[in-house]
Amino acid sequence: MPFDNLRETLLKGGIAPRHVRRYIAELCEHQEDLAAQQREAGHDEEDALIRARARLGSDEELAVAMLEQKQLRSWTARAPWAVFLLLPPFAAIAIGMVFVGTLVLIGKYYDFLEKDAPPPQWFQILAIDVVAAANLVIMPLAAALFVAMAARQRLKLVWPLVATLLLLTLFIHSDVNFLPRKTGQLTIGAAPIFMASAWKMMAEHWPTVSAQYLLTFTPLFWLAHRRRARS
Amino acid sequence: MTEDNSFMSGLPELAILRLLTNQEMYGYEIVQAIAARTGAALSPGEGVIYPLLHGLEKSGALKSRRKSVSGRSRVYYTLTTKGARRLTTLTTRWSELHGAVLALMGGSLAVR
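One line per chain: the protein sequences are V and B, in this order. When you line the first sequence up against my numbering, it's residues 1 to 231, in that order. When you line the second sequence up against my numbering, it's residues 1 to 112, in that order.
Treat the hints with caution; some may be incorrect.
[Stated by the list, open to error] Facing chain B, according to a computed beta carbon distance under 10 Å, are these residues of chain V, among others:
hint, residue
1, Gln31
2, Glu32
3, Asp33
4, Arg55
[Claimed, not checked] For each label pair, taking beta carbons as the anchor points, the in silico distance ranges come out as:
hint, chain 1, residue 1, chain 2, residue 2, range
5, B, Gly71, V, Asp47, 35 to 45 Å
6, B, Trp94, V, Val98, 49 to 59 Å
7, V, Gly101, B, Thr92, 30 to 40 Å
[What the hints assert, rightly or not] Distance condition first, Cα-Cα at most 35 Å in a straight line; then the derived DSBU-like pairs of lysine-lysine:
hint, chain 1, residue 1, chain 2, residue 2
8, B, Lys58, V, Lys200
9, B, Lys82, V, Lys70
10, B, Lys58, V, Lys12
11, V, Lys70, B, Lys63
Worth flagging that the hints you see were computed from the coordinates, not collected in a lab. Don't be surprised by glycine CBs; every beta carbon is placed ideally from N, CA and C.
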């Protein structure tokens, strides 16, 4: 890939990935124009490329010029503490709301939730399946999101680790119950791990919780492995 | 946009804003135009024009769009209203500076 070193320097320097991507694309296009100009001037292909690259500027000059533009830095680079400490709970809740919200909307659409009777069998099965899937998706997906942000910005591994641990500490586990001859009751547990209710829930659902924890750590393991392989 | 009072500050920015007043241009065109109009006296490192363009766009002075011309896709830049105001400010500042230097040199900038 052209300008690989420059790309890495800029991402590590905190420049937002979208600006880095566009900068590299524009440099490639500019280099092509310069090379064409050199070929027209009578230089052979190899010479034209060398001259074009030289006129563009050294990697260091190109990096310094971009790093001086402080306003092009990403939020993950400017305030990683805000992104990786404050956002994880909101991200997990937002992803969870997609699952729960879908069930509630379906329930409301068919008017199951307001009636003084349990919802039909198909809705109960759907709800149980959706909630079970949510348990295996919410935290791993939220963790993957923060790992991806850290990977894109070449941040230290400690930041996605903090986000992952925070998610696991918050322990978001969903359960659904339908009481006979009563309205359907959907309960969502989001108790911090240090609370007794969380431990009780973990003991009751330990196979799911184990899978949940393993899947949540998977993106982080992947990133650590990838970095070790590259170094 | 931050104010920078170093001696040469704002000059490449002034050149870019001026060139984009009446037309949209892409990076390579801008560099060539600056070199041509200033007799290469003001020719920024060719690649370093892009961070300036990105910075100006981020501050709202320019806007960009990707456009395909003759089979090549390029990012074209145009001046915004905010950019036009910035150009007026920079032009005034450089006119004052030019006047001050002229006065200092006794009315002539000719090299003896």
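Hints, verified against the model:
1. Gln31: holds, 8 Å
2. Glu32: The hint holds - Glu32 (chain V) has a Cβ within 10 Å of chain B, the shortest such distance being about 8 Å.
3. Asp33: holds, 4 Å
4. Arg55: holds, 5 Å
5. B:Gly71 with V:Asp47: 35 to 45 Å: violated, 25 Å
6. B:Trp94 with V:Val98: 49 to 59 Å: For Val98 (chain V) against Trp94 (chain B), whose Cβ atoms are near 55 Å apart, the range 49 to 59 Å holds.
7. V:Gly101 with B:Thr92: 30 to 40 Å: violated, 55 Å
8. B:Lys58 with V:Lys200: violated, 51 Å
9. B:Lys82 with V:Lys70: holds, 20 Å
10. B:Lys58 with V:Lys12: Distance ~20 Å between Lys58 (chain B) and Lys12 (chain V) Cα, so the pair holds.
11. V:Lys70 with B:Lys63: holds, 18 Å
Checked against the numbered hints given earlier, this structure breaks hints 5, 7, 8; the rest are met.
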